[in-house]
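So you can see what is in the structure, the chains are spelled out below.
2 protein chains.
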Amino acid sequence: MQQLPSRLLDNVVNEFGKLPGIGKKTALRLTLHMLNQPDNEVEAFVSAISQMKTDIMICPECHNITETEGLCSICADERRDHSLICVVETIRELIAIENTGQYRGLYHVLGGRISPMDGIGPKNLNIDSLERRVQENTIAEVILATSTTIEGDTTNFYLFRRLSPFGVPITTLARGLSVGDELEYADEITLGRSILNRVPYNSVKS
Amino acid sequence: MQQLPSRLLDNVVNEFGKLPGIGKKTALRLTLHMLNQPDNEVEAFVSAISQMKTDIMICPECHNITETEGLCSICADERRDHSLICVVETIRELIAIENTGQYRGLYHVLGGRISPMDGIGPKNLNIDSLERRVQENTIAEVILATSTTIEGDTTNFYLFRRLSPFGVPITTLARGLSVGDELEYADEITLGRSILNRVPYNSVKS
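Which chain is which? The protein sequence lines are A and B, in order. If you read the first sequence in the working numbering, its first letter stands for residue 715, the second for the next number, and so on. If you read the second sequence in the working numbering, its first letter stands for residue 715, the second for the next number, and so on.
Please note: incorrect hints may appear among the correct ones.
The calculated lysine-lysine pairs, modelled on BS3-like cross-linking and capped at a C-alpha distance of 27 Å, are [stated by the list, open to error]: (1) Lys767/A to Lys837/B; (2) Lys919/B to Lys767/A; (3) Lys738/B to Lys837/A; (4) Lys837/A to Lys738/A; (5) Lys767/A to Lys732/A; (6) Lys732/B to Lys767/B; (7) Lys767/A to Lys739/B; (8) Lys738/A to Lys837/B; (9) Lys767/A to Lys738/A; (10) Lys767/B to Lys767/A; (11) Lys732/A to Lys837/B; (12) Lys767/B to Lys919/A; (13) Lys738/B to Lys767/B; (14) Lys837/B to Lys919/A; (15) Lys837/A to Lys919/B; (16) Lys837/A to Lys837/B; (17) Lys732/B to Lys919/A; (18) Lys837/A to Lys732/B; (19) Lys919/B to Lys837/B; (20) Lys767/B to Lys837/A.
What the hints contain is simulated information worked out from the structure, not anything from laboratory work. The structure displayed is predicted, hence computed values, not measured ones.
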């Protein structure tokens, strides 16, 4: 990589370069951008990150993030349906589902998915606490909402086997064509499965 | 944009989103990455930026960055050729030229290029100080190394007119085909100009 005229600059480039999806060239661009910003702008950037790291806590129930001690705003919300648990990989998926406005139950954040290639097994995920929640509460349904990848499917299957003994209904997200998909451009696997898993026209909600 | 479950998180997403080329989705990804990093990693990131902002100074001679009071490491280097000035738009181009290892003279960082569309005129750039350097020192050659864009060419032309009265030789970077270019894929303007500006075979340095 390029030699930089300053070690201080070099440090910042290295730090930016550690972020996911940021290569060395982009890191340098971001660093020089920072260098050109007024001091108060940079101060705001830096303190927002510091404050987030110090002040954000994890919900002891669902492992969502929270700004206060104890339950997160979702678990603490009495108007939500406490008999539904939607299992997601990370907070990112929780946020995505929340933004659909279609779900009013609780969540359970696994903290990842089973991926032997990355050395992540069931023990590295928040699965014991999920099992405990299913045992200790009256749960009407557990919705498995992991990614539709091999690792996501593996995780789904593992969770299904772990939770089945408790007799709780277990569902998973509908799979098929995306809204707005042109049939001719849909990938073969999705299209093939959407034929195999076709549903009565009248049962489709939109 | 998405509703986030935490204002602290939201702040960081906004700050990342202000960086050039970082959209809201990437900003969220970077924010959650930060949230998952160990405290000392985040501390290193934050303090590298803070330290850079506090400790980096600008060279009074060429406007390059420096970590010490006074001249930058390039201007202070007695082994470099002090009769050559290479004029660049920003530190980024200075770094790029330094990394070629082909140049041992000094630099002059303009701080941008003339761009009426962005409201940047000659007065916003470090041109007066360049004129002073040419007047006050024995300069053998000024190399104009701005971008090969319309704004870069405009800046070049302006600098040429400003510096010509001092009788100093003014050169600009060679333009033509890039090393490794396939002729059939070269853009027409570059190819056309490289025919017009063809040079004796024996004069080419490689």
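Results for each hint:
{"no.": "1", "hint": "Lys767/A to Lys837/B", "in the structure": "violated (43 Å)"}
{"no.": "2", "hint": "Lys919/B to Lys767/A", "in the structure": "violated (54 Å)"}
{"no.": "3", "hint": "Lys738/B to Lys837/A", "in the structure": "violated (33 Å)"}
{"no.": "4", "hint": "Lys837/A to Lys738/A", "in the structure": "violated (35 Å)"}
{"no.": "5", "hint": "Lys767/A to Lys732/A", "in the structure": "holds (17 Å)"}
{"no.": "6", "hint": "Lys732/B to Lys767/B", "in the structure": "holds (17 Å)"}
{"no.": "7", "hint": "Lys767/A to Lys739/B", "in the structure": "holds (20 Å)"}
{"no.": "8", "hint": "Lys738/A to Lys837/B", "in the structure": "violated (33 Å)"}
{"no.": "9", "hint": "Lys767/A to Lys738/A", "in the structure": "holds (25 Å)"}
{"no.": "10", "hint": "Lys767/B to Lys767/A", "in the structure": "holds (21 Å)"}
{"no.": "11", "hint": "Lys732/A to Lys837/B", "in the structure": "violated (38 Å)"}
{"no.": "12", "hint": "Lys767/B to Lys919/A", "in the structure": "violated (54 Å)"}
{"no.": "13", "hint": "Lys738/B to Lys767/B", "in the structure": "holds (25 Å)"}
{"no.": "14", "hint": "Lys837/B to Lys919/A", "in the structure": "violated (63 Å)"}
{"no.": "15", "hint": "Lys837/A to Lys919/B", "in the structure": "violated (62 Å)"}
{"no.": "16", "hint": "Lys837/A to Lys837/B", "in the structure": "violated (63 Å)"}
{"no.": "17", "hint": "Lys732/B to Lys919/A", "in the structure": "violated (39 Å)"}
{"no.": "18", "hint": "Lys837/A to Lys732/B", "in the structure": "violated (38 Å)"}
{"no.": "19", "hint": "Lys919/B to Lys837/B", "in the structure": "violated (37 Å)"}
{"no.": "20", "hint": "Lys767/B to Lys837/A", "in the structure": "violated (43 Å)"}
In summary, the numbered hints that this structure violates are 1, 2, 3, 4, 8, 11, 12, 14, 15, 16, 17, 18, 19, 20.
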